[in-house]
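There are 2 protein chains.
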Amino acid sequence: MTKFGERWNAGLRELIAEAGVNAMKDAGIPGEQIDALYGGTMASGSLIGQEHITALIADYMGLNPIPATRVEAACASGGVALRTAYMAVASGLHDTVVVGGVEKMTDVSTGDATIALGGAGDQEWELFNGATFPALYALAARRHMFEYGTTEEQMAAVAVKNHANAAKNPFAQFTKEITLETVMNSKVIADPLKLMDCSPISDGAAAVILMPLDKAKEHTDKPVEIVASAQASDTLALQSRKSLTSLRATQVAAEKAYRLAGIKPSDVNVCEVHDCFTIAEILAIEDLGFFKKGEGGKATEEGETALNSRISVNTSGGLKGCGHPVGATGVKQAVEIAWQLRGDGGRRQVKDARIGMTHNVGGSGATAVVSVMRRAD
Amino acid sequence: MTKFGERWNAGLRELIAEAGVNAMKDAGIPGEQIDALYGGTMASGSLIGQEHITALIADYMGLNPIPATRVEAACASGGVALRTAYMAVASGLHDTVVVGGVEKMTDVSTGDATIALGGAGDQEWELFNGATFPALYALAARRHMFEYGTTEEQMAAVAVKNHANAAKNPFAQFTKEITLETVMNSKVIADPLKLMDCSPISDGAAAVILMPLDKAKEHTDKPVEIVASAQASDTLALQSRKSLTSLRATQVAAEKAYRLAGIKPSDVNVCEVHDCFTIAEILAIEDLGFFKKGEGGKATEEGETALNSRISVNTSGGLKGCGHPVGATGVKQAVEIAWQLRGDGGRRQVKDARIGMTHNVGGSGATAVVSVMRRAD
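Protein chains in written order, with the working numbering: chain A, -12 to 364; chain B, -12 to 364.
Heads up, some of the hints might be wrong.
Simulated restraints, written as ranges between beta carbons of each label pair [unchecked claim]:
hint: 1; chain 1: B; residue 1: K163; chain 2: A; residue 2: D99; range: 40 to 46 Å
hint: 2; chain 1: B; residue 1: T162; chain 2: A; residue 2: P252; range: 57 to 63 Å
hint: 3; chain 1: B; residue 1: Q20; chain 2: A; residue 2: S253; range: 30 to 36 Å
hint: 4; chain 1: B; residue 1: A77; chain 2: A; residue 2: P252; range: 30 to 36 Å
hint: 5; chain 1: B; residue 1: T97; chain 2: A; residue 2: N116; range: 27 to 33 Å
hint: 6; chain 1: A; residue 1: K209; chain 2: B; residue 2: W(-5); range: 57 to 63 Å
hint: 7; chain 1: A; residue 1: P199; chain 2: B; residue 2: P199; range: 21 to 27 Å
hint: 8; chain 1: B; residue 1: D94; chain 2: A; residue 2: R341; range: 50 to 56 Å
hint: 9; chain 1: B; residue 1: A77; chain 2: A; residue 2: R341; range: 28 to 34 Å
hint: 10; chain 1: B; residue 1: A77; chain 2: A; residue 2: G15; range: 27 to 33 Å
hint: 11; chain 1: A; residue 1: H206; chain 2: B; residue 2: G333; range: 51 to 57 Å
hint: 12; chain 1: A; residue 1: D99; chain 2: B; residue 2: W(-5); range: 25 to 31 Å
hint: 13; chain 1: A; residue 1: P199; chain 2: B; residue 2: D208; range: 47 to 53 Å
hint: 14; chain 1: B; residue 1: Q20; chain 2: A; residue 2: L182; range: 42 to 48 Å
Hints were generated in silico from the structure; no laboratory data involved. Every residue gets a Cβ at the ideal spot worked out from N, C-alpha and C, and that includes glycine.
Throw the hints in and build the complete structure from the sequences for me.
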């Protein structure tokens, strides 16, 4: 992956090329061995006036004429790209596939980026009426507080933990630890969410290379296997949901992923979850079955999701601390889990990590993708 | 599919729902039997402020929580969606899959639509410098005229033929035949291309349902089999190509599709090709191997691609006559070929059509997808 952040000196093509070359070097795979490319980008049309992004990547990486397919599912674009590429390899249609995720977000104003991101929700029912994403997740936060007594301090604890992890990740956008006071005293964006409850606007890219396991074993002593990858959908507009405090798409995808992998939530050692806002991490660790519904805030506050605790959540720093170039996030999650499973987590290494998981959400939950990965050495 | 055209009374979600319901009725498949959705849309972010389109479709069609994946490859989005869905079924990962293609283009001005479409080419090297798509294809046309003696009248003959076919297609945007004089006397857009050499701005949607062949035979006496589907990429910018008069991505994809299907070009009875401009159809029928390089214009002028001639090309009317809602086009091509192979082509039916093909291009050729279909009764 690339360093995430405000990458003023790099455009989209430079970012994805940097990540792609890093992945190819890491895997020891030259370009001519790659026979398909899958890419995740959310809103390059609105953000940089460029569609046809994955063909552009193949072009800029010198990979023509391989098939190059962009998938888009808002902020879950990277995770859906990973799953689609996994399907391409598992089916035998392609053998060695590169998956890239990228977003260049800082070429437009924060206001324009917020409008572009609003396209992840229901434009006609939500964004048109002024409901940007902080507002939508604020509704979920307020309802979670009402139903389960979750506090603003518990949400703030998510941010404190994720910045602490990010401070140990050289690729993260934010490099300093923060305190509970920093979060609580930050500016209100959409009550009860404050600035430090929100993930940032970021530039960045990530890439991974997939191939059949027996072939991967010829290239590395530390192969990582994708055991299962499941995806589900839900309504775009929050108003159509039965609940504001659960993401049904997460629950359906997780259930299927656990079943396909033959594991249960307590088997997972390390998990990257989709914390676009602090409340989103609380919803995630509940919907993924790590904690009972309503207990995610308390568990976070008590340190049960910290590095090397009951379950290490968002060791990369998550979207909150590592940054959230939307199309890149789902692929970055896979990069972090691969590093953790290989023992390459550096100062944020989870001890004896054998089973990892990624959880990538599009919009306010209209798409969710969950992938289970394990050490295969 | 829906009627293509200026559909002022329908938004994107109404269009795709109309096509989806038509496909489900035609196949006799209720929503609860569908286990995944693939959708092709090019530029909904720029055109209607909405990303996350396929999740939106699943929502609006009542298909939640099935996985819903949008793929984008500019004007080849529909064809790439078809191929990705084909992979999903062929791999056994999913069983009954719906593929939708849709674009709502008339909510913005023609100028804004032209800019959005420019995102299919290389934004930094082409569109930013003023090279819109008519200009790019005009370069190809001029070079083809120079190298092979192709004439403006031969290009105009493509438009005349495709409008003649469109006049027989109740779903087409244009319903009247035109003469060579109409084309030759129309306004110059980018010399030598005139207004009537260009496909229109359109609204529309199309959908097909895929499943394993043995299962399809339980639902219909006239199943159509996708025998092969191949995809290739090329540089986005024309300036990086070795040739302006061939699309390498078309050649690579076609060669692979023929090999996988075990057929040769002369076996194809009916083909939908990507005629975004009249010159594009001439390039296509040469690159697909139906005619020698340089002879496509002459062959068209002599009627060899007309309905029930040597090879029936663009019986639907093509992009030129039937319309070109960009994300819908690749799926619409599959709908037309399925109708032809089933004998449901009405007044434009090709006699004894047994093998059909679709050819969908993204941008000026950075993506091409070729699918071979045959009657399987």
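Here's how the hints hold up against the structure:
Taking 40 to 46 Å as the suggested C-beta distance range, the pair B/K163 and A/D99 conforms, at roughly 43 Å. For B/T162 paired with A/P252, a C-beta distance near 59 Å keeps the hint of 57 to 63 Å intact. Checking the proposed 30 to 36 Å range against B/Q20 and A/S253 shows it holds: the Cβ atoms sit about 35 Å from each other. For the hinted restraint 30 to 36 Å between B/A77 and A/P252, the CB-CB distance of approximately 33 Å keeps it satisfied.
Between B/T97 and A/N116 the beta carbon distance is about 28 Å. The supplied range of 27 to 33 Å therefore holds. For A/K209 and B/W(-5), the hinted distance range of 57 to 63 Å is satisfied, since their beta carbons lie about 59 Å from each other. For A/P199 and B/P199, the Cβ-Cβ distance of about 23 Å falls inside the hinted range of 21 to 27 Å, so the restraint holds. Checked against the hint of 50 to 56 Å, the C-beta distance between B/D94 and A/R341 comes to roughly 51 Å, which is consistent with it.
For the hinted restraint 28 to 34 Å between B/A77 and A/R341, the CB-CB distance of approximately 33 Å keeps it satisfied. Taken as a hint, the range 27 to 33 Å holds for the pair B/A77 and A/G15, whose Cβ atoms sit roughly 30 Å apart. Take A/H206 and B/G333: their Cβ atoms lie about 55 Å apart, and the range 51 to 57 Å holds. For the hinted restraint 25 to 31 Å between A/D99 and B/W(-5), the CB-CB distance of approximately 28 Å keeps it satisfied.
For A/P199 and B/D208, the hinted distance range of 47 to 53 Å is not satisfied, since their beta carbons lie about 39 Å from each other. The supplied range of 42 to 48 Å is met by B/Q20 and A/L182, whose beta-carbon atoms lie about 47 Å from each other.
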